[in-house]
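Protein sequences appear in the order of chains A and B. Using our numbering, the first residue of the first sequence is number 1, and each one after it goes up by one. Using our numbering, the first residue of the second sequence is number 1, and each one after it goes up by one.
Check before you lean on any hint, since a few could be wrong.
A partial selection of chain A residues facing chain B, derived with a Cβ cut-off under 10 angstroms [claimed, not checked]: (1) ASN14; (2) ASN52; (3) ASN85; (4) TRP88; (5) LYS126; (6) MET128; (7) ASP130; (8) GLY156; (9) GLY159; (10) ILE165; (11) GLU222; (12) SER253; (13) TYR278; (14) ASP280; (15) THR290.
Okay, derived cross-link-like pairs now, DSS-like style, lysine-lysine, Cα gap no bigger than 25 angstroms in a straight line [as the list claims (entries may be wrong)]: (16) B/LYS227 x A/LYS288; (17) B/LYS77 x A/LYS317; (18) B/LYS318 x A/LYS129; (19) A/LYS288 x B/LYS89; (20) A/LYS129 x B/LYS89; (21) B/LYS288 x A/LYS126; (22) B/LYS129 x A/LYS318; (23) A/LYS77 x B/LYS292; (24) B/LYS77 x A/LYS89; (25) A/LYS318 x B/LYS89; (26) A/LYS77 x B/LYS129; (27) A/LYS129 x B/LYS292; (28) B/LYS288 x A/LYS318; (29) A/LYS129 x B/LYS227; (30) A/LYS317 x B/LYS126; (31) B/LYS218 x A/LYS292; (32) B/LYS39 x A/LYS77; (33) A/LYS77 x B/LYS288.
What the hints contain is simulated information worked out from the structure, not anything from laboratory work. C-beta: ideal position from N, C-alpha, C; glycine also.
One-letter residues, chain by chain:
Number of protein chains: 2
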Amino acid sequence: MKEVVAGIDIGGTNTVFGLVDNAGNILCENRLKTTDYPKINNYISALSAGINNLMQGHTDLKLKAIGIGAPNANYLKGTIELAPNLAWKGIVPLTDLMKKKIDVPVVLTNDANAAAIGEMVFGGAKNMKDFIVLTLGTGLGSGIVINGDVVYGHTGFAGELGHTIVIPEGRDCGCGRQGCFETYASATGLVRTVLYMLSEMREESSLRDIPASELTSKKIVEAAALKDPVAVEALDYTAKILAFGIVNAVSFSSPEAIFLFGGLAQAGELLFAPTREYVDQNIQSIFKGTVKILASGVPENNAAVLGAAALAWNELKKS
Amino acid sequence: MKEVVAGIDIGGTNTVFGLVDNAGNILCENRLKTTDYPKINNYISALSAGINNLMQGHTDLKLKAIGIGAPNANYLKGTIELAPNLAWKGIVPLTDLMKKKIDVPVVLTNDANAAAIGEMVFGGAKNMKDFIVLTLGTGLGSGIVINGDVVYGHTGFAGELGHTIVIPEGRDCGCGRQGCFETYASATGLVRTVLYMLSEMREESSLRDIPASELTSKKIVEAAALKDPVAVEALDYTAKILAFGIVNAVSFSSPEAIFLFGGLAQAGELLFAPTREYVDQNIQSIFKGTVKILASGVPENNAAVLGAAALAWNELKKS
Numbered sequence: 001m002k003e004v005v006a007g008i009d010i011g012g013t014n015t016v017f018g019l020v021d022n023a024g025n026i027l028c029e030n031r032l033k034t035t036d037y038p039k040i041n042n043y044i045s046a047l048s049a050g051i052n053n054l055m056q057g058h059t060d061l062k063l064k065a066i067g068i069g070a071p072n073a074n075y076l077k078g079t080i081e082l083a084p085n086l087a088w089k090g091i092v093p094l095t096d097l098m099k100k101k102i103d104v105p106v107v108l109t110n111d112a113n114a115a116a117i118g119e120m121v122f123g124g125a126k127n128m129k130d131f132i133v134l135t136l137g138t139g140l141g142s143g144i145v146i147n148g149d150v151v152y153g154h155t156g157f158a159g160e161l162g163h164t165i166v167i168p169e170g171r172d173c174g175c176g177r178q179g180c181f182e183t184y185a186s187a188t189g190l191v192r193t194v195l196y197m198l199s200e201m202r203e204e205s206s207l208r209d210i211p212a213s214e215l216t217s218k219k220i221v222e223a224a225a226l227k228d229p230v231a232v233e234a235l236d237y238t239a240k241i242l243a244f245g246i247v248n249a250v251s252f253s254s255p256e257a258i259f260l261f262g263g264l265a266q267a268g269e270l271l272f273a274p275t276r277e278y279v280d281q282n283i284q285s286i287f288k289g290t291v292k293i294l295a296s297g298v299p300e301n302n303a304a305v306l307g308a309a310a311l312a313w314n315e316l317k318k319s
Numbered sequence: 001m002k003e004v005v006a007g008i009d010i011g012g013t014n015t016v017f018g019l020v021d022n023a024g025n026i027l028c029e030n031r032l033k034t035t036d037y038p039k040i041n042n043y044i045s046a047l048s049a050g051i052n053n054l055m056q057g058h059t060d061l062k063l064k065a066i067g068i069g070a071p072n073a074n075y076l077k078g079t080i081e082l083a084p085n086l087a088w089k090g091i092v093p094l095t096d097l098m099k100k101k102i103d104v105p106v107v108l109t110n111d112a113n114a115a116a117i118g119e120m121v122f123g124g125a126k127n128m129k130d131f132i133v134l135t136l137g138t139g140l141g142s143g144i145v146i147n148g149d150v151v152y153g154h155t156g157f158a159g160e161l162g163h164t165i166v167i168p169e170g171r172d173c174g175c176g177r178q179g180c181f182e183t184y185a186s187a188t189g190l191v192r193t194v195l196y197m198l199s200e201m202r203e204e205s206s207l208r209d210i211p212a213s214e215l216t217s218k219k220i221v222e223a224a225a226l227k228d229p230v231a232v233e234a235l236d237y238t239a240k241i242l243a244f245g246i247v248n249a250v251s252f253s254s255p256e257a258i259f260l261f262g263g264l265a266q267a268g269e270l271l272f273a274p275t276r277e278y279v280d281q282n283i284q285s286i287f288k289g290t291v292k293i294l295a296s297g298v299p300e301n302n303a304a305v306l307g308a309a310a311l312a313w314n315e316l317k318k319s
């Protein structure tokens with residue numbers, strides 16, 4: 001019998017789940033629509049049936065544990081709490097509910113922490129004990145690993161670098177405050193920066209022909225690759241603020257590496273090169289040359305399921 | 001035989017050392033002038049002789065370990081590196097040198113980390129696993145404890161909150177950069193804020209009669225206690241920036257408490273009350289009400305020796 005874990009990625013729209021071996025191979029995978037189950041009990045029934053179905057298709061496999069990545073997840077309590085993009089209100093005791101259906105260890109953490117554990121177990125951080133993963137998507141998520149463990153803090157919600165304030169009285173943030181890191185260093189942040197640059201700069205730009213509501217980080221990166229002056233300037237500014245947040249994080253926990261992940265990180269060297277330069281220029285001298293800025297070593301399209309599976313494997317290793 | 005450790009606080013001017021039992025009682029204490037020993041070997045000879053002298057005065061004691069707090073100390077390597085305020089240049093292998101003289105476990109960390117361990121072993125953090133100590137003196141030092149361990153990071157120099165940048169392009173810092181937390185939230189920072197307020201405000205103030213070179217945080221706090229408008233405004237602004245740095249640290253590691261320590265913390269409620277208010281107003285909502293702002297529970301005048309001793313006791317517990 002080959003041992004596997006189930007990795008589950010709960011998103012606002014879809015839930016993806018797969019069986020993953022300890023080398024990071026996804027042996028099989030399926031999905032369901034999260035929005036089809038406004039009642040949590042129905043959702044848990046459908047999800048556990050889905051996993052049981054995958055297992056029945058592979059009689060040579062033994063399920064050892066279940067790992068789940070979800071928004072607003074609390075690792076310490078095994079709950080999803082007040083998630084704005086999920087239908088289930090209040091505090092959902094997700095691991096307890098799941099364990100009643102499938103009696104193996106069930107662990108839960110948020111998406112960015114799952115990404116960090118994925119990096120540690122299957123990706124570029126295999127031999128690292130101190131590193132940070134920044135997921136640069138609609139917002140900015142972060143998973144912080146110190147001394148080989150994800151930082152959860154007193155509340156279970158630590159690692160919210162996206163909501164550290166980098167520009168006092170800066171851009172309005174969805175959290176109700178101003179100047180948060182994620183309002184600049186994310187795919188959405190890049191779009192906002194382009195809108196600002198369009199107001200400040202007089203240069204011609206292909207981005208002037210796209211309505212604000214249709215601007216995406218992908219279109220901006222494509223324009224930057226063609227040397228569009230507004231796109232280039234916006235990416236440079238994004239890298240500057242990203243570096244600023246990185247420099248402050250380094251003064252806090254002195255990681256060996258920062259991994260960049262998610263939509264905006266797809267910009268590749270157009271983002272990485274200026275980010276590295278700004279980090280080098282602005283880092284506290286005691287940390288100069290001590291921190292690598294790296295692309296994630298986990299394949300983007302499978303990262304969420306792999307991260308959740310890594311969480312489960314990591315938990316089994318601890319016990 | 002009663003077991004004790006030696007706690008040593010190496011300062012730029014003086015070195016204080018004492019024998020400390022596991023309840024935090026300093027049984028005896030002595031000091032030497034650090035500046036009398038520009039050669040490290042002579043310093044180590046004098047310091048070890050000093051400790052041996054203390055031991056010879058107490059034949060009922062058994063020395064179990066030595067803990068040392070020093071500027072620019074690297075816990076991981078046991079070295080003092082490039083300390084600007086010490087005569088010994090380059091990288092000093094302090095624990096190795098000391099261990100050759102007195103053959104017990106020798107551990108070294110920087111002053112702020114020693115303060116954090118002192119808080120955990122003898123002070124207000126006895127039952128806490130996640131907290132931060134901020135030492136608000138000439139600069140701002142920080143000791144960060146996560147999951148019961150001091151954060152050292154990949155390099156051994158983690159926990160430099162004083163050099164996270166809180167105001168982009170703000171005040172010049174001794175580190176060569178601008179806007180560092182310690183240029184605002186420290187005794188020196190308060191003096192700088194008073195100078196700024198004297199330029200901005202037109203109100204009468206007793207502080208206008210003191211030359212800039214003679215302004216101290218103590219004089220400013222005394223004036224604030226008498227409702228001097230400039231002193232009150234300066235303390236309020238200092239609390240605001242202090243809270244700002246605290247709020248960002250909470251988003252990082254979600255501690256149970258922040259302990260304030262050092263000269264500026266002597267301001268008491270004049271500083272603590274507005275700091276708590278600003279933290280409450282500006283903290284990320286998920287962390288609201290989860291973090292206490294506390295005065296250190298370690299007596300200020302003995303804190304450095306107790307912190308170094310706590311480091312030694314803590315190390316013995318680990319092994």
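Hint-by-hint comparison with the structure:
Hint on A/ASN14 is violated. Least Cβ distance to chain B is approximately 25 angstroms, over the 10 angstroms limit. Interface restraint check: A/ASN52 against chain B, minimum CB-CB distance 34 angstroms, threshold 10 angstroms, status violated. Taken as an interface hint, A/ASN85 does not check out: its beta carbon lies about 15 angstroms from the nearest beta carbon of chain B, beyond 10 angstroms. With a least beta-carbon distance of about 17 angstroms to chain B, the hint placing A/TRP88 at the interface is violated under the 10 angstroms criterion.
For A/LYS126, the suggested interface contact is broken, since its CB lies about 15 angstroms from the closest CB of chain B, more than 10 angstroms. Hint status for A/MET128: holds, given a least beta-carbon distance of 8 angstroms to chain B, under 10 angstroms. Look at A/ASP130: its Cβ gets to within about 4 angstroms of chain B, closer than 10 angstroms, so that hint holds up. Given hint, A/GLY156 at the interface with chain B, holds; its Cβ is 8 angstroms from that chain's nearest Cβ, closer than 10 angstroms.
Using the Cβ-Cβ criterion of 10 angstroms, the hint placing A/GLY159 at the interface with chain B is satisfied: the shortest such distance is roughly 7 angstroms. A distance limit of 10 angstroms between C-beta atoms decides the matter here; for A/ILE165 the minimum to chain B is near 6 angstroms, and the interface restraint holds. This hint is violated: A/GLU222 has a C-beta 30 angstroms from the nearest C-beta of chain B, more than the 10 angstroms allowed. Below 10 angstroms, beta-carbon pairs count as interface contacts, and A/SER253 has one with chain B at about 5 angstroms; its hint therefore holds.
About 12 angstroms separates the beta-carbon of A/TYR278 from the nearest beta-carbon of chain B, more than 10 angstroms, and the hint is not met. Hint status for A/ASP280 relative to chain B: violated, with the closest Cβ pair at about 13 angstroms, above 10 angstroms. Given hint, A/THR290 at the interface with chain B, holds; its Cβ is 5 angstroms from that chain's nearest Cβ, closer than 10 angstroms. For the given pair, B/LYS227 sits about 45 angstroms from A/LYS288 by alpha-carbon distance, which is inconsistent with the 25 angstroms threshold.
Between B/LYS77 and A/LYS317 the CA atoms are separated by roughly 29 angstroms; this puts the pair beyond 25 angstroms, and the hint is violated. Taking the CA atoms of B/LYS318 and A/LYS129, the gap is near 19 angstroms; set against the 25 angstroms cutoff, the hint holds. At roughly 19 angstroms between alpha-carbon atoms, A/LYS288 and B/LYS89 fall within 25 angstroms of each other, so this suggested pair holds. Between A/LYS129 and B/LYS89 the alpha-carbon distance is near 31 angstroms, which puts this suggested pair outside the 25 angstroms criterion.
Restraint check for B/LYS288 and A/LYS126: not satisfied, since their Cα atoms lie roughly 35 angstroms apart, outside the 25 angstroms limit. For a cut-off of 25 angstroms, the pair hint linking B/LYS129 to A/LYS318 stands: about 19 angstroms separates their Cα positions. About 21 angstroms separates the Cα atoms of A/LYS77 and B/LYS292, which keeps this hinted pair within 25 angstroms; it holds. Our distance criterion of 25 angstroms between C-alpha atoms is broken by B/LYS77 and A/LYS89, whose separation comes to about 50 angstroms.
In summary, the hint linking A/LYS318 to B/LYS89 is not supported, as the alpha carbons are separated by about 43 angstroms, beyond the 25 angstroms threshold. The straight-line distance between the Cα atoms of A/LYS77 and B/LYS129 is roughly 17 angstroms, inside the 25 angstroms bound, and the hint therefore holds. Under the criterion of a C-alpha separation no larger than 25 angstroms, the hint pairing A/LYS129 with B/LYS292 is inconsistent with the structure, at around 29 angstroms. Restraint check for B/LYS288 and A/LYS318: the C-alpha separation of about 31 angstroms exceeds 25 angstroms, so the hint is violated.
Between A/LYS129 and B/LYS227 the CA atoms are separated by roughly 51 angstroms; this puts the pair beyond 25 angstroms, and the hint is violated. For the hint pairing A/LYS317 with B/LYS126, the CA-to-CA distance comes to about 30 angstroms; that exceeds 25 angstroms, so the pair is violated. As the CA atoms of B/LYS218 and A/LYS292 are separated by approximately 43 angstroms, the hinted pair breaks the 25 angstroms bound. A threshold of 25 angstroms between alpha carbons decides the hint, and for B/LYS39 with A/LYS77 the separation of about 55 angstroms lies outside it, so the pair is violated.
Simply put, A/LYS77 and B/LYS288 have alpha-carbon atoms about 18 angstroms apart, close enough for the 25 angstroms limit, and the pair holds.
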